[in-house]
Amino acid sequence: MLRVKQEIIDEIVEHGRSEAPLEACGYLAEKDGVVCKCIAMKNIDASPVHYSMDPAQQFGAIRSCRAEGLAIRAVYHSHPETAAHPSAEDIKLAYDPALSYVIVSLEESSPTINSFIIKNDKVSSEQIEIIRAEKMTTTITADVFQNLRGIGCPMNLVKTKVAFSKMQSGQILGLILDNGPPINNVPRSVIREGHEVLSQEQLDDGAWSLLIRKA
Amino acid sequence: MQITVNGEANELHEAEVNLSKLLEIRRVESPEMVAVQLNGEFVDMENYPSTFLKTGDDIEFLYFMGGGSR
Amino acid sequence: MIDFTEEQLERYSRHILLDDVGVDGQEKLLQAKVLIVGAGGLGSPAALYLAAAGVGTIGIIDSDSVEISNLQRQIAHFTKDIGVFKVDSAAEKMQAINPDITVRTYKEYLCAANITKIIAGYDFIIDGTDNFPTKFLVNDACIFTGIPFSHGGILRFNGQTMTVVPGESACYRCSFREAPPPDAVPSCAQAGVLGAIAGMLGTIQATEALKYITGVGELLTNGLLTFDARTLTFRKINLARQKSCPVCGEEPSITHLVDAEQSVCELKSEPVAAPC
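Going down the list, the protein sequences come from chains H, X and G. Those letters in the first sequence? Residues 7 to 221, by the working numbering. Those letters in the second sequence? Residues 69 to 138, by the working numbering. Those letters in the third sequence? Residues 6 to 281, by the working numbering.
Rather than coming from a laboratory, the hints here were simulated on the basis of the structure. Here a beta-carbon is modelled for each residue, glycine too, at the ideal position from N, C-alpha and C. Keep in mind that the hints are not guaranteed to be accurate.
Said to hold, decoys possible - Partner residues are not named here, just some residues of chain X that face chain G (Cβ under 7 angstroms, in silico): (1) F129; (2) L130; (3) G134.
To be verified - According to the in silico footprint, chain G covers these stretches of chain X (three or more CB under 8 angstroms from chain G): (4) 92-103; (5) 108-122.
Produce the entire structure from the sequences given, and follow the hints as far as they go.
Right under this line is the structure:
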C-alpha cells in the first residue's frame, strides 16, 4: 500500500503534463508512512518513450531528503501516450526492489496513476491510498444540542426556533437533521432569520450535522 | 367646482353648495346616520347649512355601523 | 420564559414559524387578556380565532341567549344552542377548539356602572356590540382607562372597522361624536345583513388584537377601513385626532361615564336601537 497525499498526486500529474510529450520522472519521499514530497528530476534522455535520471541530481535529492527527515519511497515517471503499466524497459531498469514504481498515464484526458513493485522482473500492483487534506477547521463545540432525527418539516424548524429562543446571541446550536426536506429547508430558514450556518456535514446514516451561530 | 367625495372626484355644477345640499345631491337617505369629515376635520351637523364647499375640498361620509349581536 | 409542551409546540407551530411572531410572540399571546364585547356576529369569529390563536385569557360579555335568527351569521352558536346564553355557547366552542386557554364569561349588559370594573386588566378590547350607546360607552371607557380597542360595525353588505390606541390615535368620537337618534337607526329586521361579512369583519378585528399583542406590523389606527361586499371594494379613510373631540380632545366635555338615554341597561335585553 502506497499512501500519498492528494497534493502530491496533483504535483505528479502537473509535472507529467508540463514535460509532455516527453516522459517526466522524479522521486517520491515519505514521512510517517505517507508520501508528502514530490521531487521532480530531469529526464536526461529527453525522450517520449523512456527516461533516465541525472546521477548527480539523484544523489543531491537523496541527501536533501535525509536532511529533512524524509525517505525516498518511490520513483515515478509519466507515460504521455500509453497506459499506466510498466514497459519491458521499465521492468528491466527497475534496479531497486525496495522502491515502488509509480506510473502516471496521460493518454486519456483524466490521468491514471498506478503503483507497482518490481522484483526480479516480476511486476505486482500496489494499491494507492490517497490522503486528502485535513480540514483546517478549529473544533467548535455547540452550546446547545438538538437531535432532530425523525422529526419532519416543519416541527424541526419549530424546535430549532424554540432552542434559539433560549440561547444568547453568538452561542452555537448543534443540530442533527434528516436527509431530504429537512436539510433542504431548515438551513435556508435559519439563514433567512439572520443566523449563521458554520458547518454542515453528512453523517454515515445520511443525516446531517450542523453548527449554527445564533444572530 | 371640482371636489372629492368618498375618495372619488366629483364635478359640481351648482355655484354655491353647502353640506346640507351635498347630502341631498348624494341622496343620503338618513343624514343622522352619517358623520361628515371635511378636509380631515369633523363637521357638526348644525354647521352643515353654513359650510359652503370650494373647489379642491375632500369630503368623507362616515356611516354609522353597528355590531352583529342581534 | 414559558416551557412549551410538545402539544403546544405543534398547536402553535404555524405561529412560531412566523419570523415576526415566533416563540416570543406566542408567549405574549398565551399571557394576553382580551375582552370581547358581544357574542354575536362580530364577537363569534373573533372569539373562535383568538381562542385558536392561544390568547391565554379571553373574556366575553353578552346578556342575550341564542335565537334561531342569530345562526345565519353568529357562527359560534349552533342550532342545539338555541335558548342557551350566548357567552356559554361561545365559551363551549372556544374551549373545544383550545382547552389551553381560560374563558371568562359575563352574562351582563355593559353599562356605565359596570364597564370600568369589567374591562380592568384586559390588554385589548374587541367591540362587537349591536348598539351605538354601548359603542360610545366602550370608546369612552377605553379612553379613560387607556386600553386599546377595535371598533367594528356591519350593515347590509357593508362593514367598517378602526383600531383606537387611547392618547395616540383618533377615537370613535373624533369622527362620530355621538350616537345617532334611535329612530334613525335601521333595525336588523328592516336592514338585514349578509352573514359572511360578520366573519370578514370579526376576523379583521381578531387580527388587530393579535397584532397589538405581538407587536407585528402597523395597527389600523387613524384610519377607518370600510368595505362593500357587493363590489368587494375596500377603502381606508384617513382619520386624525380631533382637537374638538368631546372625549379625547383639548377641552373634553365628557369627563365621566354616563349611560345614554336609550341605554339598554334600563331596557334589559330589549334595546330599541339594535342594528343587526
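- Which numbered hints are broken by the structure, listed smallest first? 1
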